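Starting from the known structure of chain R, fit chain H onto it as the hints suggest.
Read top to bottom, the protein sequences are chains R and H.
So in the numbering used here, the last spot in the first sequence is 424, and the numbers never skip.
So in the numbering used here, the last spot in the second sequence is 424, and the numbers never skip.
Everything labelled a hint here was simulated from the structure, so no lab data went into it.
Please read these numbers as outputs of a predicted model, since none were measured by experiment.
Every residue gets a Cβ at the ideal spot worked out from N, C-alpha and C, and that includes glycine.
Incorrect hints may appear among the rest.
Stated by the list, open to error - Here are a few chain H residues that face chain R, going by a calculated C-beta distance under 7 Å: (1) Leu-14; (2) Arg-27; (3) Val-36; (4) Gly-142; (5) Leu-192; (6) Asn-254; (7) Thr-306; (8) Pro-354.
Residue strings, one per chain:
There are 2 protein chains.
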Amino acid sequence: MKAEIIAVGTELLLGHTINSDAAHVGRALSALGIDVYHSCVVGDNPHRLEEVLREGLERSDLLITTGGLGPTEDDLTKETVAAVLEMPLEEHADSLVRLKEYFGTRPMGPNQYKQVLLPRGSRALPNRIGTAPGCYARRADGRAVAMLPGPPRELLPMLHEQLVPLLAEQTQACICSHMIRTFAQGEGDAALRLAELTGRANPSTATYATDGEMFVRVTAKAQDAAAAEALAAPVVARVQELLGDVVYGVDVDNLESVVVPLLMQRGQSVATAESCTGGLLAKRLTDVPGASAVFQTGLVTYANSTKTRLLGVPEAMLARVGAVSEEVARHMASAVRQRSGSHWGLGITGVAGPDGGTAEKPVGLVYIALADDRRTWLRVMRPQGRYMGRAWTRHRAASHALDMLRRALLGLPVEMTATARGRF
Amino acid sequence: MKAEIIAVGTELLLGHTINSDAAHVGRALSALGIDVYHSCVVGDNPHRLEEVLREGLERSDLLITTGGLGPTEDDLTKETVAAVLEMPLEEHADSLVRLKEYFGTRPMGPNQYKQVLLPRGSRALPNRIGTAPGCYARRADGRAVAMLPGPPRELLPMLHEQLVPLLAEQTQACICSHMIRTFAQGEGDAALRLAELTGRANPSTATYATDGEMFVRVTAKAQDAAAAEALAAPVVARVQELLGDVVYGVDVDNLESVVVPLLMQRGQSVATAESCTGGLLAKRLTDVPGASAVFQTGLVTYANSTKTRLLGVPEAMLARVGAVSEEVARHMASAVRQRSGSHWGLGITGVAGPDGGTAEKPVGLVYIALADDRRTWLRVMRPQGRYMGRAWTRHRAASHALDMLRRALLGLPVEMTATARGRF
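Looking at chain R on its own, in the form it has when it is part of the complex:
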């Protein structure tokens, strides 16, 4: 089965909104073994949308549109699709009931009603979150258009709970895809290590770099899930073998979603003391549901006075070596561990920038320390002439802290000289 993704919205062409919908839809389709060769963006312009719909219906079995289902005058997707498919719009009773429920006692604006007009004979896809139902309209010749709302938090439940099961009935081939995530591994080097695999088509092996992390995706296609999995499994194992302990997880989202379960398994806890990351490390740990079992205390000691008051960092030490120093990072990690009664302590202090850098303490310099009851470990991020920006520096520093804890929990070497570019 061949499908195309058509994202509707002038704000996407102008770049005011990032087109994450196409990614969500593309991932769902590839998981179903549905081929996607075309993905495009159309503005809120019925004529161009009509062009794209007609062109797509010529060459593909399924078109999935995102956006343009809402109450505003710009929202023209359903009207245009109905015209192209020659399935005139009519009121969808259940959707109208749901819309009225949604507004309850709150006033419902006159422009809301058009949302419940769907192409005759189409199948409504109820919207669990917002007001605009989606729908699946199938033409007599079997070619179909599925319309999904633009806001990701409305699109995602509708896509996974309603459209995917509907499409799964219609597809044979099955795809299984695994993602191997690494930290502190450059992509160029990985490409060389994985050369024996990257040439093969099925399973395919490809490397991607995002946020200074590199991951490898292994994708296998077969008749059913079990066969696809059987194809993929040995390749996934081989990738881990070739890359070694820089691999922190398979089919995981990020370092925190690996570290929190590791702590849970050991019944251990971690406390955080953050300066330049300003709470980002605590935020990432608590992004993981159930983190409360392993994380009780986080301190954001953004000012020197706070470092002294909450962590007992000696004023003399701050005066002698400065807040951004190895000594202070080690002290922060040990003190927060001890004072919170946690097994592990993490301390981060650095210059996130863009300002505040000096000759010997440049913007991008960050010290990260990990402490247990016996010792402390340290990593230093050095900008090496290229400052990657405040957000990247903070994210990277928090990632190093998580990676240090991961490696300590697994009994792997913890310390390394980290550059702010994350290459080694």
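Relative to the frame of chain R, chain H by itself:
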């Protein structure tokens, strides 16, 4: 001038990567007054890329590709563009020098070299961050293809520091665009309030909803920047008039980037005590450069014991009303303010979910309190039967805290009944 955006990469079609590059490029082009009617994604497939390039060169003056410039075998953009433009690849001396500098003492893999091969007669766009230079190749008939790298942190500096100035020389028309950001304002209601403006073409006025926030973009096109600005200014003012004090800023990124300067102007500081948001509020405040002037202390009291130890929340209170309660939120805000010696204190406690909800304290219920030296204010987020997920609930709760502080700093009413859907 008409341009098209062509994003290259199978990972984009499969949805493994979100196509943020197209948004960055689209925004830059519209700011230059360059029209973008087509934006598409092509896999790592030279034949389909060739099709799209030929089609684009038929109807547009400029094509901008993103991705496919790297060292791996999948990176085929330059080869394909060179063939289509009939400008054969040749070694670019300066780029080779830069590449060698980049690797310095580190070993340079054999696959790195191909990155410095550029179409003959094209203009190299040096890569400040990564290894792959971009380039701008202009054919004899004036039609051009600009090639940018895929990773956003490489693309952004190249786009804004090199390609945009280069294109600015070639364009006449100038666009000015302003974004009016609101909090606690529904889009449907805004569309009605702004009806008198949304019909007009120049300046155009459009509403967008993201992350439960609604913003309005006013875009004016004219001969020069001053004329465009003169067109836009009165419409921007009218939008603010029509929407009122839910508008928290014009051309700002988010609430935190408004709150931190407001505190700076008043020489005041804020301290945070977070439970369910786990550091997200502190993280967002410290996302703003210079936040250290107004934020010294943040506490993540994720466990009840930590609430008692660090904030003196009475165990009796926790036993009586529970950690997720109005009383505890108010106590957290007051205590962190007092103990940190800050002007303002913010306290957040709630059930972020997905687990931990009960009948009377459902997942999504969050209490947010603001304290000064005289009183405390409170907002309550209630899921109203629709749980929006952990990340959204946490982000929303932190946004309410920032909006409460914003409104208090401006002397506006602070309290409101907030629903977790952010409609009022």
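For each hint, the structure was consulted:
1. Annotation: Leu-14 (chain H) was flagged as interfacial toward chain R, and the flag holds, the nearest CB pair being 5 Å apart, inside 7 Å.
2. For Arg-27 (chain H), the interface hint holds, since its Cβ comes within 7 Å of a Cβ in chain R; the closest pair sits about 3 Å apart.
3. Taking 7 Å as the C-beta cut-off, the interface hint given for Val-36 (chain H) holds, the closest approach to chain R being about 5 Å.
4. The interface hint given for Gly-142 (chain H) is violated, since its Cβ lies 23 Å from the closest Cβ of chain R, which is over the 7 Å cut-off.
5. Checking Leu-192 (chain H) against chain R: minimum C-beta separation of about 5 Å stays under 7 Å; hint holds.
6. For Asn-254 (chain H), the suggested interface contact is broken, since its CB lies about 12 Å from the closest CB of chain R, more than 7 Å.
7. Of the supplied interface hints, the one on Thr-306 (chain H) holds, with its beta-carbon coming within about 5 Å of a beta-carbon of chain R, less than 7 Å.
8. Annotation: interface hint on Pro-354 (chain H) holds; nearest CB of chain R at approximately 6 Å, less than 7 Å.
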